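Trainee: Use these hints to put chain E onto chain F, whose structure you have.
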Amino acid sequence: MRPLPRTVSVTALSCLALLYVPLVAVAVLSFNKTRLGTAWGGFTTGWYERLLSNTTVLTAAKNSLIVACVSTLVATVIGTLLAIGLRRLPLGRRGRLLGEMATTLPTVTPDVLLAAALVVSYGLFRTVSSVFDPGLVTLIIGHITFQISFVAVVVGSRLAAIGTDQIEAARDLYASTGLLWRRVLLPQLAPGIVAGGLLAFTLSLDDFVVSFFVSGPSSTTLPILIYASVKRGVTPEIHALSTLIVAATMLTILGIALLDRRNPRSSRP
Amino acid sequence: MRIIDGKPTTRLKQWITGLALAGTGMLWLVCFLAGPLAAIGALAFAQRGDYGELIWQFTTDNFWRMLGYTSFGWTPDHLWIIARSIILAGVTTVLCLLLGFPLAFWVAARSPSWRTLLLALVMLPTCVNLVIRTYAWQLILGANAPPSWIAAWCGFIDPGGSLYPSSGAVYLGMISAMLPFAALPLYTSVERLDWSLVEAARDLYAGRWATFRHGILPQVMPGLVAATILTAIPSLGMFVVSDLLGGAKYMLIGNLIQQQFGAASDWPFGAMLGLSLIIATLASLAVLIRWGQQEGAR
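Order-wise, the sequence lines are chains F and E. For the record, in the first sequence the residue sitting at position 36 is 36 according to my numbering, with numbers rising by one throughout. For the record, in the second sequence the residue sitting at position 282 is 282 according to my numbering, with numbers rising by one throughout.
None of these hints come from the bench; they were simulated from the model. The structure displayed is predicted, hence computed values, not measured ones. There could be a bad hint or two in this list.
Taking beta-carbon pairs under 7 Å as the criterion, some of the chain F residues facing chain E (in silico) [claimed, not checked]:
(1) Ala39
(2) Pro110
(3) Pro223
Straight-line alpha carbon distances no greater than 25 Å define the calculated DMTMM-like cross-link-like pairs of lysine to aspartate or glutamate that follow [unchecked claim]:
(4) E/Lys249 with E/Asp158
(5) F/Lys231 with F/Glu100
(6) E/Lys13 with F/Glu168
(7) E/Lys13 with F/Asp172
(8) E/Lys13 with F/Asp165
(9) F/Lys62 with F/Asp133
(10) E/Lys249 with E/Asp77
(11) F/Lys62 with F/Glu237
(12) E/Lys249 with E/Asp266
(13) F/Lys33 with F/Glu49
(14) F/Lys33 with F/Glu237
(15) F/Lys231 with E/Asp194
(16) F/Lys62 with F/Glu49
(17) E/Lys13 with F/Glu100
(18) F/Lys231 with E/Asp158
Positions of the beta carbon are idealized from the N, C-alpha and C atoms, including for glycine.
If we strip away everything but chain F, and leave its shape as in the complex, we get (with noise of 0.2 Å):
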């Protein structure tokens, strides 16, 4: 390849600059002794530990981390099911592709109308049911909806993937269903699993828009509570919370790539 024209590089660096420059003054800020503004006071690492003692920042985490175990944990059973049922339903291949389009349009809904249509529908069950009040229970369903479908696609992906070979020769021979499933399928769709598990939950714990619309006072998460204080006006308690937001997603995307590099098998979806 040939040398690049050096507006190229410059555009490239700003480029990286214009992603990286936020979280930075971010992180910066949260070490900032002054409470308002953002105007340098000094270093202090003050607001990390009150931000450990402040029952509001406290509360929404463990909201979050409710939300997000449980809701992963329901849309993967869920998921990896739809996926591996639509594969077995007697579908032609226009109805094969309906069902590929009916499981992947979620995730290209814009956020915004996913909301709305949990709102609708929330109004809608509340005549029959006071679980569908605004609360953990309607977050956790709105993002179950959500993640159903990431969690249907990667499975399906690698249900694809890895055809039905082994399949065919467990039952030739005579592999009973439970076995076949526990022995076979599963081990197989194991990395395809995973790694819709992981997608959900790191999509549940990131999500503000769907919670946004569908929380109620007493089911706060971590991005709502951020936001929430940006409209009240921000404080370094809260620079503190988003670094260290930052700093745990990061980890945990570096996480996953080690282990993926570590396993030479691993098929990406």
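Mentor: Showing chain E alone in chain F's frame:
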């Protein structure tokens, strides 16, 4: 009698096992997504009572209201919001492509191990919560930070003023949110680029632009289309960035929809806006995919 997965079965049995497995997921998506989306389509033509309750009676009022007709006469407010959303999505997409191309070429010019690292560096910020990435711009563009001092010194803003809220701040926020999604598909195309065609164009005395237009552009078309889709569609429904960086006056269709389903509690009007957004999304998707097919066929 047919044999599927090495086991004799009938069509009926296939339906039963398939539905038994996929049933929960399908039912879930119907209850919480497909059904409500259909309900939104119907709600768009329903009425709202005086206390926010729904009246299932056919009306096209919501449509006319979206176009600006109210009981007090015509105002362009809603049309402005829709136009602003479309322009923002369009301009954001073009700017992201313009920045994404150099970024893609730059990454593709490194050695393979550097490429992986740099690509990860480009994509990593998308994993960080958008609310955090957006409010960070408030800090950078605020009154006490260098960008505002420079802008004030140049006379763009009043001394002591800040660069946000403003439409410029919204564009900056949008670009930094969307750029990775434009850069990734562009990179996958650029990486596979056949440079001999570029050399050939050079040998035939093509200028810089002609080389790009005929030597590079046709080759990266699939990436360009994918980048456009991944940037334009989420931009159309965006509301976090405009909400945090644009101030109260900078409304997009996403903000308007959020208001109707939130504080204003006017579902029928919100549904009409949502329906329009769905139609706009699907229409632009269809146009972009067809455009990609045509260019690819050339």
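Trainee: All hints are to be evaluated individually against the structure, with a verdict given for each.
Mentor: Consistency of the hints with the structure:
1. Look at F/Ala39: its Cβ gets to within about 5 Å of chain E, closer than 7 Å, so that hint holds up.
2. Hint status for F/Pro110 relative to chain E: holds, with the closest Cβ pair at about 3 Å, below 7 Å.
3. The beta carbon of F/Pro223 is positioned within 7 Å of a beta carbon in chain E (closest approach about 5 Å), and the interface hint is therefore held.
4. The suggested pairing of E/Lys249 with E/Asp158 holds, with an alpha-carbon distance near 20 Å, which does not exceed 25 Å.
5. Only pairs whose Cα atoms come within 25 Å are accepted, and F/Lys231 paired with F/Glu100 is rejected, the gap being roughly 40 Å.
6. The straight-line distance between the Cα atoms of E/Lys13 and F/Glu168 is roughly 18 Å, inside the 25 Å bound, and the hint therefore holds.
7. Restraint check for E/Lys13 and F/Asp172: the C-alpha separation of about 19 Å stays at or below 25 Å, so the hint holds.
8. For the hint pairing E/Lys13 with F/Asp165, the CA-to-CA distance comes to about 21 Å; that is within 25 Å, so the pair holds.
9. For the suggested pair F/Lys62 and F/Asp133, the alpha carbons sit about 20 Å apart, so the restraint of at most 25 Å is met.
10. Proposed proximity of E/Lys249 and E/Asp77 is supported: the alpha carbons are some 11 Å apart, at most 25 Å.
11. Our distance criterion of 25 Å between C-alpha atoms is met by F/Lys62 and F/Glu237, whose separation comes to about 17 Å.
12. As the CA atoms of E/Lys249 and E/Asp266 are separated by approximately 20 Å, the hinted pair is consistent with the 25 Å bound.
13. Simply put, F/Lys33 and F/Glu49 have alpha-carbon atoms about 13 Å apart, close enough for the 25 Å limit, and the pair holds.
14. Between the alpha carbons of F/Lys33 and F/Glu237 the distance comes to roughly 11 Å, so the proposed pair stays at or under 25 Å and holds.
15. For the hint linking F/Lys231 to E/Asp194, the alpha-carbon distance of about 50 Å lies beyond 25 Å, and the restraint is violated.
16. A threshold of 25 Å between alpha carbons decides the hint, and for F/Lys62 with F/Glu49 the separation of about 18 Å falls inside it, so the pair holds.
17. Restraint check: the Cα-Cα separation between E/Lys13 and F/Glu100 comes to about 21 Å, which is no more than 25 Å; the hinted pair holds.
18. Proximity of F/Lys231 to E/Asp158 is assessed by CA-CA distance (about 24 Å); at most 25 Å being required, the pair is judged to hold.
Checked against the numbered hints above, the structure breaks hints 5, 15 and satisfies the rest.
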